[in-house]
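Protein sequences, first through last, are from chains A, B and C.
So for the first sequence, this note's numbering puts the first residue at 1; every next one is plus one.
So for the second sequence, this note's numbering puts the first residue at 1; every next one is plus one.
So for the third sequence, this note's numbering puts the first residue at 1; every next one is plus one.
It is worth saying that the hints were derived from the structure and are not from the lab.
Just so it is clear, the structure is predicted and the values come from calculations on it, not from any experiment.
You may find that some hints are simply not true.
[Said to hold, decoys possible] Interface residues of chain C toward chain B, partial, derived using beta-carbon atoms under 7 Å:
#: 1; residue: Y4
#: 2; residue: T62
#: 3; residue: L65
#: 4; residue: V72
#: 5; residue: N84
#: 6; residue: G86
#: 7; residue: I90
#: 8; residue: T100
#: 9; residue: L131
All C-beta atoms, glycine included, are put in the ideal place defined by N, C-alpha and C.
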Amino acid sequence: MTIYTEMIKVSTNKTCELVDITEFASDEVHRSGISTGICSLFAQGATAALMIQENDDPNIPTDVLNCLKNIVPDGIWLHDRIDNNGASHIKAGIIGASETIPIVKGKLALSTWQNIFLCDFDGPRHCRTVLVTIIGD
Amino acid sequence: MTIYTEMIKVSTNKTCELVDITEFASDEVHRSGISTGICSLFAQGATAALMIQENDDPNIPTDVLNCLKNIVPDGIWLHDRIDNNGASHIKAGIIGASETIPIVKGKLALSTWQNIFLCDFDGPRHCRTVLVTIIGD
Amino acid sequence: MTIYTEMIKVSTNKTCELVDITEFASDEVHRSGISTGICSLFAQGATAALMIQENDDPNIPTDVLNCLKNIVPDGIWLHDRIDNNGASHIKAGIIGASETIPIVKGKLALSTWQNIFLCDFDGPRHCRTVLVTIIGD
Numbered sequence: 001m002t003i004y005t006e007m008i009k010v011s012t013n014k015t016c017e018l019v020d021i022t023e024f025a026s027d028e029v030h031r032s033g034i035s036t037g038i039c040s041l042f043a044q045g046a047t048a049a050l051m052i053q054e055n056d057d058p059n060i061p062t063d064v065l066n067c068l069k070n071i072v073p074d075g076i077w078l079h080d081r082i083d084n085n086g087a088s089h090i091k092a093g094i095i096g097a098s099e100t101i102p103i104v105k106g107k108l109a110l111s112t113w114q115n116i117f118l119c120d121f122d123g124p125r126h127c128r129t130v131l132v133t134i135i136g137d
Numbered sequence: 001m002t003i004y005t006e007m008i009k010v011s012t013n014k015t016c017e018l019v020d021i022t023e024f025a026s027d028e029v030h031r032s033g034i035s036t037g038i039c040s041l042f043a044q045g046a047t048a049a050l051m052i053q054e055n056d057d058p059n060i061p062t063d064v065l066n067c068l069k070n071i072v073p074d075g076i077w078l079h080d081r082i083d084n085n086g087a088s089h090i091k092a093g094i095i096g097a098s099e100t101i102p103i104v105k106g107k108l109a110l111s112t113w114q115n116i117f118l119c120d121f122d123g124p125r126h127c128r129t130v131l132v133t134i135i136g137d
Numbered sequence: 001m002t003i004y005t006e007m008i009k010v011s012t013n014k015t016c017e018l019v020d021i022t023e024f025a026s027d028e029v030h031r032s033g034i035s036t037g038i039c040s041l042f043a044q045g046a047t048a049a050l051m052i053q054e055n056d057d058p059n060i061p062t063d064v065l066n067c068l069k070n071i072v073p074d075g076i077w078l079h080d081r082i083d084n085n086g087a088s089h090i091k092a093g094i095i096g097a098s099e100t101i102p103i104v105k106g107k108l109a110l111s112t113w114q115n116i117f118l119c120d121f122d123g124p125r126h127c128r129t130v131l132v133t134i135i136g137d
């Protein structure tokens, strides 16, 4: 059993954005040389999160963000008096910072349409960081 | 430290359904022979998810699905023009594809009323797959 | 590769409350002696959950709870006829019971403002339990 760690760094361009990081995570799995195990991903930043989602239709990230905006409206939170990003924190808390994906035969065992997205709810940011920890044989 | 992997396959019968997979996961923990560690579960499919929830009252899965239907209404998403299942994708993204459960003394360390549910938000499907990765001693 | 397990036990004082457990989890990482790996946390109880969230402004937990109360209103669920806590179960299912946090150089690799919160949606309870499983080198 071995362990491999790396950081994925991405920039974001909008206030709210889902960025597909599947290729970066897949590259790290390949570099790790691990054939069977888990790839644990963690989004740093209390206004960021990770979501497993379809990437074939680029409208889905837009739908996700529109739904979250309906559920968590802007501008009505106590924290808005401090940072004006209360909704960003709540969205990040609901979606969650960590996902653990199995590795099978040296590859992330995502299904055909599943991709990994960094969710930035308080962008744009020149650097969002996702920590990668791969454990296995 | 050893690693054990398996697939749980279940069929679903309704458009939206929570299926209790605790017994299948417990069986895999037993087969793994691992006494102390983690059982990492991952639902394949971008309209499926995993939820830890009570199973004693069969109304709770119904309540969960009714709440998600209120939060994520059908028929108003951009993706509906392609596949008519935009809500299914959003629900799966909010609930999340992965859960990691500790193994203590050879058993899943769920509390008395906690069970593991596969959430199908775009059923019925003859085969939904949950990948099981067990790591420990 | 070694494995270390422990329980964090906390009491809660309100019906709905977020309790910062970061210091307890950090202490376990220190005791484990593990420098590189993962800290997998699991909240027992089907009305509890875990959330990575900011702790600098104490209004954020209040905002989170107010938002969840809007999304999941009290008193309208089938399960309320049994236990009168249907909303508690739904909130726990949406937020999720498990989070996996990387360990880098012997410390939890949380970013500056990220803390770990136990969410009690059906308190007060004299004892809520979070299981800690640390795996690494």
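These are the hints, each one checked on the structure:
A hinted interface residue such as Y4/C counts as satisfied when its beta carbon comes closer than 7 Å to some beta carbon of chain B; here the least separation is about 9 Å, so the hint is violated. Restraint check, T62/C versus chain B: the minimum CB separation of about 21 Å is more than 7 Å; hint violated. The beta carbon of L65/C comes no nearer than 16 Å to any beta carbon in chain B, farther than 7 Å, and the hint placing it at the interface is violated. The closest approach between the C-beta of V72/C and any C-beta of chain B is roughly 6 Å, which is under the 7 Å cut-off, so the hint is satisfied.
Hint on N84/C is violated. Least Cβ distance to chain B is approximately 12 Å, over the 7 Å limit. With a least beta-carbon distance of about 5 Å to chain B, the hint placing G86/C at the interface is held under the 7 Å criterion. Checking I90/C against chain B: minimum C-beta separation of about 5 Å stays under 7 Å; hint holds. The interface hint given for T100/C holds, since its Cβ lies 5 Å from the closest Cβ of chain B, which is under the 7 Å cut-off.
A distance limit of 7 Å between C-beta atoms decides the matter here; for L131/C the minimum to chain B is near 5 Å, and the interface restraint holds.
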